[in-house]
Amino acid sequence: MMSLFTVEGLSGLLFLGFIGITLAGALIATSARRLIRSVAGLALCFLGVAGLYYYLNSPFVALMQILIYVGAVCVTIIFAVMLSESSELKQVIRRNVLVGPLAFLASALLAWALAGLALKTTWRPAPGLITRGTVENLGQSLLTTYSMSFELISVVLLLAVVGSLVLARTGRDK
Amino acid sequence: MNILVLSNSLDTYLVIGALLFGIGFYGLMQRQTFIGMLISAELILSGASLNFMAFNRFLAPDPTVGQVFTLFTMAIAAAEAAIALSIIIAVYRNYKSIDTEDVVDLQG
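The listed protein sequences correspond, in order, to chains A and S.
So for the first sequence, my numbering puts the first residue at 37; every next one is plus one.
So for the second sequence, my numbering puts the first residue at 425; every next one is plus one.
Don't read these hints as lab results, they were simulated from the structure.
Heads up, some of the hints might be wrong.
Covered stretches of chain S (chain A as the covering partner; in silico rule of three or more C-beta atoms under 8 Å from a C-beta of chain A) [said to hold, decoys possible]:
#, stretch
1, 438-445
2, 450-456
3, 462-474
4, 481-487
5, 491-501
6, 525-531
Some chain S residues near chain A, calculated using beta-carbon distances under 8 Å [unchecked claim]:
#, residue
7, L430
8, I459
9, A506
Each residue gets a CB set at the ideal place from its N, CA and C atoms; glycine is no exception.
Based on the provided sequences and hints, a complete structural model is requested.
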């Protein structure tokens, strides 16, 4: 048994904390009554996932996760919540009462099947590493091997910006 | 198995990814507002990205591939969120509601 008060022990404890943050944030995001709280849960979950990315030897992706998801996507969702404040507290049961339990059953089945599949398969590790996967390698491959996809994704983002402006602008005088 | 070395095994990440997917799927079916469903879809996407990163770290011969893929997923997710939110705002202008049960004009 490894001692808790070594570097490895503390880092393992931090990892458990990240797992807890991720799952707690996901649960808050799906079960909170008010939308703004569920956006906060989503941000918490993304922070936990960024911590997990850090443990997977990719600090750059972890920082990008915080920057893009927590900094951009969550803030945009919060703006949308504020622009369309719904009567979310009315909470009338207007549909079949079976929907909740059935949804829980289906998703539990899915998660159980996926996790069981992951645990049962014997994964074969790679024979050897070609690169180390550092930030330098990442930048080089983004601008050489994946340069076409990189350009295409810029076009997609540009189109998304223009498209969302057009969509949100129509019917503004109503 | 020592609980403190969990960060060094592939199974941990795969199980967390499966749990994130399951929670997101539950929210997608159970939520009654468009924004809630969008939030659940983001959870599903992050579960998938976590799986990619885990395989990338433990099984891939070239550990840059999964990172590049996850970065692209993030860009697509940001574009998707922007488009979906502007659609939600357009729907809100027309129906004064973002509740999925109110937007039923095409229902037979």
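Now for the hints, and whether the structure bears them out:
1. 438-445: holds (count 8)
2. 450-456: As far as the stretch 450-456 of chain S goes, the hint holds, because 5 residues have Cβ atoms under 8 Å from chain A.
3. 462-474: holds (count 8)
4. 481-487: holds (count 7)
5. 491-501: holds (count 9)
6. 525-531: It is violated: at least three residues are needed, and the stretch 525-531 of chain S offers just 1 whose Cβ sits closer than 8 Å to chain A.
7. L430: It holds, given that the least Cβ distance between S:L430 and chain A is near 6 Å, below 8 Å.
8. I459: Where the cut-off is 8 Å and the nearest Cβ of chain A is about 5 Å from S:I459, the hint holds.
9. A506: holds (5 Å)
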